[in-house]
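Student: Residue-level listing of the chains:
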Amino acid sequence: MNAESIEDRVRRTLDRVTVGPNGPSIMAAGLVHDVVATGGAVRVLLDLDCIPDGEADPLVDMLTPLVRGLPGVERAVIKPRPRRLGTSRLPGIGCVLGVHSGKGGVGKSTIAANLAVALARRGARAGLLDADVYGPSAPTLLGIAGRATESADGRRIEPREAHGVKVMSLGFLMAAEKALIWRGSLVDEGLGQLFRDVAWGDLDVLVVDLPPGTSDVHLATARDSALDAVLTVTAPGAVSVQDVRRGMEMFADLAVPCLGIVENMAGVVCRSCGHVAQVFGSGGGPKLAQETGLPLLASIPFEPEVAAACDGGTPVVVAAQGSLVGQALEGLATELGAGLARLRIRVEGHL
Amino acid sequence: MSGCATPANDARPIILPSVRDVVLVASGKGGVGKSTITVNLAAALSERGLRVGVLDADVTGPSVALLLGSGEGIDLEEDGRAQPAVTHGMPSISVGNLLPPEAALTWKGPLIAQAVEQLFTEMAWPDLDVLLVDLPPGTGDVHLTILERVAVSGAVIVTTPQRLATVDAERGIAMFHELDIPVFGIVENMAGYACPCCGEVQALFPGGTATSLAARRHVAHLGAVPVDPAAQAAADAGTPLVLASPGSPAASALRTVAERVIEALERERAARRRAGAARPDASFDDFWKGLTDP
Ligand SMILES: Nc1ncnc2c1ncn2[C@@H]1O[C@H](COP(=O)(O)OP(=O)(O)OP(=O)(O)O)[C@@H](O)[C@H]1O
Ligand SMILES: Nc1ncnc2c1ncn2[C@@H]1O[C@H](COP(=O)(O)OP(=O)(O)OP(=O)(O)O)[C@@H](O)[C@H]1O
Ligand SMILES: [Mg+2]
Ligand SMILES: [Mg+2]
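Chains as they are written, first to last, in numbering that gives the first Met the number 0: chain A, 0 to 350; chain B, 0 to 293.
Treat the hints as calculated values from the structure; they're not laboratory data.
Misleading hints may appear alongside valid ones.
[Unchecked claim] One side only, chain B facing chain A, incomplete, derived with CB under 7 Å:
| id | residue |
| --- | --- |
| 1 | Leu-15 |
| 2 | Glu-116 |
| 3 | Trp-124 |
| 4 | Cys-196 |
| 5 | Gly-207 |
[Claimed, not checked] Quick look at which bits of chain A chain B covers, simulated, 3 or more residues with Cβ under 8 Å:
| id | segment |
| --- | --- |
| 6 | 83 to 91 |
| 7 | 304 to 315 |
Cβ coordinates follow ideal geometry from the N, Cα and C atoms, glycine included.
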């Protein structure tokens, strides 16, 4: 017998579940939007538009054991189909690209800042929004001190500028060394202001550096900026990959496309003998790419000089262009242009 | 940015009758090694005879299930509470035990608070001397929930030697100080790296800032843990480094940190006895003033 795919098996089973005793099948009635299987992990995506209020939870409770019990199914999740949160584009901004990772400290901020600078050096009008309200990094990474100022008409905040990039960070708005706790609801109100109330002017690309994890900041960003795409950063270790998948899942639920995966800290290069040791694990980037079917856009090693450059406030693509990391980041900027073109995002031909 | 943080409507204290002290492991910055330090500190404390539990409060980026090798799935008790998983002799709970990655929900603030509360209250925690809580990076809803509602004995701050990280650690210390939660000290993680090929010891991150942060904020420097090339394999295999390679420099540094945490805990307990309170007391009235910059 030909092996039936897991997806087909799930569909066939769901087709036998009817709406009411004599109604059409839930597949035919459109209650099930799609079935996606990745290995033994199955996702059943429901279309809430076709399901009356209050009926979704009982349906999930009923279908979950049914799907889990099928041969070949290791795990099953039944949830609403992906849906975009926001569609209103920011005026004057060609595209908004988020840099995210479910895991902390994998290099999101370093990569976001360097990408923005690399794109600016190729002639694109680039902006960087540091949306990490909990731990802003852009001021340190780009060597920008002091506070933000109001625009001439007093109605907007002027972004700062460094290495040809317009930069806005919460670090410009609050005193350093001060405790800062953000309740989600505060983020909901506040973050939109970072998009709307900043005098960005015309930009080809706005790179948004997101905080680690999945949080209200991510949701608010997707809602307030009509995020065009995201770039996923991971470290090579298994601990990182697992959390990164959680982060990717969130953007998939929000119907924000992922351009690809960047593996950072892939091997530490010895200052003295050049030996590369897999201190932060190995293989995570390729594994994640294989599991998700997304391209691995770059694999970037860890060079101690880069960490020093970060503290010094000069991005690697300026301070150490020829370094392994500098070259990898330049390569990534090129790949990105292609990725954005694939999504047919209009970026004025600069990338 | 307008608006001021206000206490949640639901500020009922979370009470853990079987736990003597709750200790938080925090950092402002992500990826500095909070989770790694948490599980190793737990293992080192339990080697010293303490009964230690681990609660992974990073509900959106859980690591403890992997780091302690506690796997997926947990058992329910008769009263509906869940049994923490026990590995390496330590009970622990993590969202990683409960939800596979593809089930990751996008939790808004109130749901996150609820999930955190459940990890504390809906678990059948056995009698413990210390419950170590691995916090997520940043300072958001998880922190708020715990700081408002759990009586915390102290916090351990993790940072790398780098300025990028100590800036965030400093914000973290300021937060605990404003709340009158004792900061047991700073662990400087990833301090120095010995190349496994030529043996040359080098700094992966430019250094010095952790020691000066400790001095500036009047908190202890609990120890410097070097980068250990075996750490990743230990992590991926679900065994804390102090158990997997007990003779390594990182393991001995981690045991030193554990010693100092025990000392700090004893000082805290003595101070509490003098003040006549059996448990740390949570009074947060002044906390909300001036939390965010108007
Ligand atoms: N390829 C690299 N080589 C050397 N150092 C690096 C590299 N990438 C990142 N770093 C360093 O690693 C640390 C973490 O990087 P970064 O702050 O960019 O991560 P992040 O993902 O933004 O962290 P967070 O989760 O806290 O926002 C920083 O100290 C940075 O200088
Ligand atoms: N002393 C060390 N030597 C070698 N690798 C280490 C060391 N400490 C941490 N790591 C590695 O660094 C990475 C980040 O560590 P970890 O996950 O513990 O950080 P975290 O602060 O908990 O991150 P997050 O902010 O995402 O919760 C992991 O891959 C871990 O194995
Ligand atoms: Mg960052
Ligand atoms: Mg962690």
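Student: Decide, hint by hint, whether the structure agrees.
Tutor: Now the hints, each set against the structure:
Checking Leu-15/B against chain A by beta carbon gives a least distance of about 23 Å; that is not within 7 Å, so the hint is violated. For Glu-116/B, the interface hint is violated, the least distance from its beta-carbon to any beta-carbon of chain A being 15 Å, above 7 Å. Contact between Trp-124/B and chain A, as hinted, is not supported at the beta carbon level, the nearest pair being about 25 Å apart and thus beyond 7 Å. Taken as an interface hint, Cys-196/B checks out: its beta carbon lies about 3 Å from the nearest beta carbon of chain A, inside 7 Å.
Taken as an interface hint, Gly-207/B does not check out: its beta carbon lies about 10 Å from the nearest beta carbon of chain A, beyond 7 Å. Given as covered by chain B, the segment 83 to 91 of chain A fails the check, having 0 residues with a CB less than 8 Å from a CB of that chain where 3 are the minimum. With 4 residues having a Cβ less than 8 Å from any Cβ of chain B, the segment 304 to 315 of chain A passes the three-residue criterion, so the hint holds.
Checked against the numbered hints listed earlier, the structure breaks hints 1, 2, 3, 5, 6; every other hint is satisfied.
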